[in-house]
Amino acid sequence: MKLRKNVAVSEAGLLFNPVTGESFSVNPIGVEILNMVREDKSPDQISKAILSKYSTDRDTFEKDYHDFIGILEHHNLIESHEETKA
Amino acid sequence: MKKRKLNIAVTGLNAIDSPGPGVSVIRALREAASFDVRIIGLSYESLEPGIYMHDLVDRTYSIPYPGAGTDTLLARMEYIHEKENLDVIIPNFDAELYPFIKLEAKLKEMGIHMFLPTLRQFEERHKVNLNDFGRKYNISVPKSKVIFDLNTVHSLPSEFSFPMIVKGKFYDASIAYSIEQVKSYFNKISAKWGLPIIIQEFVHGTEFNVTGLGDGKGNTIAAVPMRKQYITDKGKAWGGISISDEKMLDMTRKFLKNTKWRGGFELELMKNKDGELFLLEINPRLPAWIYLAVGVGQNIPEALVNLAMGVKVTPFSSYAIGKMFVRYSWDMIVDREEFEQISVYGEL
Chain A
12 MKLRKNVAVS EAGLLFNPVT GESFSVNPIG VEILNMVRED KSPDQISKAI
62 LSKYSTDRDT FEKDYHDFIG ILEHHNLIES HEETKA
Chain B
16 MKKRKLNIAV TGLNAIDSPG PGVSVIRALR EAASFDVRII GLSYESLEPG
66 IYMHDLVDRT YSIPYPGAGT DTLLARMEYI HEKENLDVII PNFDAELYPF
116 IKLEAKLKEM GIHMFLPTLR QFEERHKVNL NDFGRKYNIS VPKSKVIFDL
166 NTVHSLPSEF SFPMIVKGKF YDASIAYSIE QVKSYFNKIS AKWGLPIIIQ
216 EFVHGTEFNV TGLGDGKGNT IAAVPMRKQY ITDKGKAWGG ISISDEKMLD
266 MTRKFLKNTK WRGGFELELM KNKDGELFLL EINPRLPAWI YLAVGVGQNI
316 PEALVNLAMG VKVTPFSSYA IGKMFVRYSW DMIVDREEFE QISVYGEL
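These protein sequences, in sequence, are chains A and B. Taken in order, the first sequence gives residues 12 to 97; the numbers are from the working numbering. Taken in order, the second sequence gives residues 16 to 363; the numbers are from the working numbering.
Some hints here could point you the wrong way.
Claimed, not checked - Computed cross-link-like contacts, BS3-like style, restricted to lysine-lysine with a CA-CA straight-line distance of at most 27 Å:
# : chain 1 : residue 1 : chain 2 : residue 2
1 : B       : K151      : B       : K232
2 : B       : K286      : A       : K13
3 : B       : K121      : A       : K16
As the list claims (entries may be wrong) - Counterexamples of contact, computed for chain A against chain B with all Cβ distances above 12 Å:
#  : residue
4  : M12
5  : T31
6  : S53
7  : K64
8  : S66
9  : E73
10 : K74
11 : Y76
12 : I82
The set of hints was computed from the structure by calculation and includes no laboratory data. We treat Cβ as the ideally placed atom computed from N, Cα and C, and that holds for glycine.
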């Protein structure tokens with residue numbers, strides 16, 4: 012999974028899609044996850060990193076993580092499987 | 016080196032809730048790098064705010080409404096030219112373009128330059144002809160039908176599903192969810208703008224606009240796409256952001272190449288959930304948000320004036336993405352004498 016190349020993520024957590032002009036704000040943990048996605052970390056690596064830093068259990072994190080990725084997909088902020096393959 | 020000073024007349028000084036582009040165009044001209052300007056405002060009504068913006072507009076003259084005919088307009092322009100020695104006129108209203116296009120050759124003889132679409136381009140892109148335009152130039156447009164008679168409204172549900180858009184020939188558009196609403200909008204809009212009324216298929220999606228400039232030879236001199244972020248109840252953008260959609264830019268370049276469009280323009284586009292673009296309307300003039308184009312690095316009004324004056328213009332190749340415009344309203348304090356001057360004498 013890859014965040015679209017042209018999507019800008021500010022330190023303050025504002026995502027800007029320059030193709031559609033849409034802006035979204037994410038919380039600090041969201042920014043951390045997005046940065047790890049940018050660094051091509053796998054979901055497992057992201058899970059480990061978050062679980063080692065914050066007091067939450069794996070099930071809760073995975074549910075929230077998939078919800079978060081689902082929202083990114085819904086807003087067309089991550090590349091589709093076809094695009095990733097290409 | 017001292018820059019050349021041009022006397023430029025600009026219409027559309029109505030910086031109101033449904034604003035004319037004049038004030039934005041003037042701001043752009045005042046920031047032109049290639050010339051200095053004296054700005055002559057041309058107004059239709061005494062309360063157009065631009066008339067009283069003395070830091071932007073040097074002098075204003077009232078001009079007759081387009082309905083008065085081209086002879087009346089020409090006589091008024093001759094008078095204004097005698098006083099102001101005009102170099103360029105930039106008309107900014109759809110409704111006044113026809114008379115100005117008709118007068119273009121005569122005004123040129125007087126030494127006044129314009130850079131307008133040809134009469135054929137102006138007519139062809141008219142929303143009344145949008146279906147044919149789409150077919151001819153292979154551009155996706157929503158299905159539309161021109162109606163002149165309220166009695167024909169009842170047959171519309173066999174051709175269009177609800178909701179449908181009811182549009183005036185120059186301005187105004189409303190979304191109708193029933194035959195009763197279509198009738199009501201038909202009456203309301205035709206009373207204001209005349210006939211015909213255009214019925215258009217409703218495309219669900221997000222609205223975008225592109226402004227730009229064509230050189231009349233098929234080349235794109237400028238193009239800036241924008242997403243409306245804040246829309247007034249009249250559907251006007253009160254805030255927007257520059258974007259980088261290649262599909263939109265391709266459609267714009269195709270439009271300019273195929274039509275050999277001459278002059279400024281605004282494309283109104285709708286993108287549906289599958290990412291398909293539909294051209295809803297072509298406005299044959301610069302839009303009220305044109306100052307965003309200046310803000311992102313494309314001073315389109317300056318380029319338009321240079322083209323009008325026969326000066327070679329290098330096409331813009333880039334613009335800043337993610338720049339926003341946020342419009343605001345501002346109360347000016349105006350002496351009654353100024354209002355009297357423009358109302359009674361038609362000059363200020």
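Hint-by-hint comparison with the structure:
1. B:K151 to B:K232: holds, 18 Å
2. B:K286 to A:K13: Distance ~24 Å between K286 (chain B) and K13 (chain A) Cα, so the pair holds.
3. B:K121 to A:K16: Distance ~53 Å between K121 (chain B) and K16 (chain A) Cα, so the pair is violated.
4. M12: holds, 20 Å
5. T31: Non-interface label fails for T31 (chain A): nearest chain B Cβ at 7 Å, not farther than 12 Å.
6. S53: Given a closest Cβ separation of 29 Å, the condition holds.
7. K64: holds, 31 Å
8. S66: Fine: 37 Å to the nearest Cβ keeps S66 (chain A) off the interface.
9. E73: holds, 29 Å
10. K74: holds, 27 Å
11. Y76: Label holds. Min Cβ-Cβ 26 Å, cutoff 12 Å.
12. I82: Nearest chain B Cβ is 16 Å from I82 (chain A), so the label holds.
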